[in-house]
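Student: Here are the chains, one letter per residue:
Protein chains: 2
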Amino acid sequence: MAIKRIGSQTVKMANPPSIISTATIVGPKEGEGPLKDYFDLILEDDLWQQESWEKSESKMQEEVLKMALTKANLSEGNMDYLFSGDLLNQIVVSSYSARQLSIPYFGLYGACSTMSESLSLGAMIIDGGFADKVACCTSSHFSTAERQYRYPLEYGNQRTFSAQWTVTGAGASILSSEGNGPYITYVTTGRVIDPGIVDVNNMGAAMAPAAIDTISKHFIDTGYNPDDYDLIITGDLGAIGKSIVIDLMGKEGYDLSKVYDDCGVRIFDNEAQDTHAGGSGCGCSAVVFNGFVYNQLLNGSFKRVLLISTGALHSPITMQQGESIPGIAHAVTITNVKE
Amino acid sequence: MAIKRIGSQTVKMANPPSIISTATIVGPKEGEGPLKDYFDLILEDDLWQQESWEKSESKMQEEVLKMALTKANLSEGNMDYLFSGDLLNQIVVSSYSARQLSIPYFGLYGACSTMSESLSLGAMIIDGGFADKVACCTSSHFSTAERQYRYPLEYGNQRTFSAQWTVTGAGASILSSEGNGPYITYVTTGRVIDPGIVDVNNMGAAMAPAAIDTISKHFIDTGYNPDDYDLIITGDLGAIGKSIVIDLMGKEGYDLSKVYDDCGVRIFDNEAQDTHAGGSGCGCSAVVFNGFVYNQLLNGSFKRVLLISTGALHSPITMQQGESIPGIAHAVTITNVKE
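Residue numbers (numbering that gives the first Met the number 0), protein chains in the order written: chain P, 0 to 338; chain F, 0 to 338.
It is possible that some hints are incorrect.
Partial list, computed: chain P residues near chain F (C-beta under 7 Å) [stated by the list, open to error]:
| no. | residue |
| --- | --- |
| 1 | 41 |
| 2 | 51 |
| 3 | 88 |
| 4 | 90 |
| 5 | 103 |
| 6 | 123 |
| 7 | 128 |
| 8 | 312 |
| 9 | 320 |
To be clear, the hints were calculated from the coordinates, so they are not data collected in a lab.
Beta carbons: idealized from backbone N, C-alpha and C, even for Gly.
Chain P extracted, bound-state conformation:
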């Protein structure tokens, strides 16, 4: 086994890369939610003067990357690689925004697990000595996702209570081999786990077993326990998925109740904003991590965070063909000090 590998699914960085800057852009609804003070730009209109929502989402990725670069006093030419992905067919949002940026580009598809997938690969590529500076980015958009995965918005379908609300948001992280943190110290990569759920309006339950699998493996591989973290936060399990994680992790002997939360639960006020089970989408963990969580790491409120972005790997076609919804979850540890 290679020396950086410390378990069946986890690797430890030898010289942990720094997240030297982040940026976030969100839509109007997210900008009215409880985390509004942590976003860099709140759009007044989710079309953002573009001809289509797809073009608006692409502009969001392009601009959020430029904002993160500006904050770090860097330009596109300083970036060795861009890792990005999104929810749309053929990840066109990411590819068309990458077209505007002259950075060597690895396109990813991990559904809503993309933020931690990109941070995982970006950190390993830097720690492996292949890059000094890497950009990691993802996004989702309520209006592009809704019409691709569900119904035309004009149809006005009624939402079930287990349904989640796709976040309109884009988040970017700039990673560097040098810097003063926060640092990416561990990466635990998920396997595809399928609990057999076929209800596309209950994604939290479909993804929760993948999150549980990855979090458990992370504890086993690293020897850490929930108490070693200030925050353990999943990507977009929402209220239903969150309660499954607390319940089933408890049965495995891990009490997560004091430190665990979910980006999909945090981003909206589900009562006041009528978002039912909470937020979802690649953009959900992207803006909560790059906004609120990064801020709390910088100011020292959080010293050790486990981010587990969670993805549902189905498509409308596989649902029509009677398949169930497989899930995946990728975890990264982010700390104030090098470990």
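Following the hints, position chain F against chain P.
Tutor: Below, chain F alone, put in the same frame as chain P:
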């Protein structure tokens, strides 16, 4: 700059990973083509006793990975990571086959550049010390791609002469930190290049500028010339894209005519098999590389190969919205001896 980085887009492996085994599965039409002797399994029927072509393609990825593992005397449990992707919406072929394999999984989307994208990341992750064994896999299927990107097969639309034929095929490579080669020695990662082409029946021309950009950067970054290679082979530019590459690379001062070919040109007998401009799809470079090229590297006929899988990053939605087709190309050098 990190020491392994030798130019703006290229990295050199410190201890080049070995490709210790490969496997290929193709459809009936590919099995009648000029490279038929190099494939491990030729299907008699592209539905392969499944309920849908999508399920058949997923089975192809699952089985081709198992075949490659068997050849290397390894099992799923020996694999540290799986890097895979495909052309279908939400890369469901890759995710549903990964569900059957208990391997930590990074989903990729690079359209038809996926084979060299997965080899690039797999090689870097091993050389970076994060893994001993990595599986890289991709596929495409004429019948799943045709109905997703173009028309229902039942419609029987007439094909233009610049159109290419999506290869039904899956290919897998097993990479290892130890082994006797062939070795992955250099990785040149592409940028998104958009020549402004809007004709989805002329993908070769849309992708050729990306291939030219990556090949040129590879020569500049490494100091090598066309004569240093026994074969320089692009993924699926077809006859039109191939002629553009030879022409424009010549104008940049590189005579590729003696060593250059294209997987899309090689896989079919375009005259006898009526495939017009040639083959395409993620599976095209996957089966030509993991079949024919790997065989020639093993027997010493090729000592140094540059594989440049090429992808078109559009979607049917972006075409409907009046966008052009951006391309990308990722290059990997594979050699008989460690460099």
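Student: Any of the earlier hints contradicted here, and which numbers?
Tutor: When the structure is compared with the hints, only number 1 turns out to be violated.
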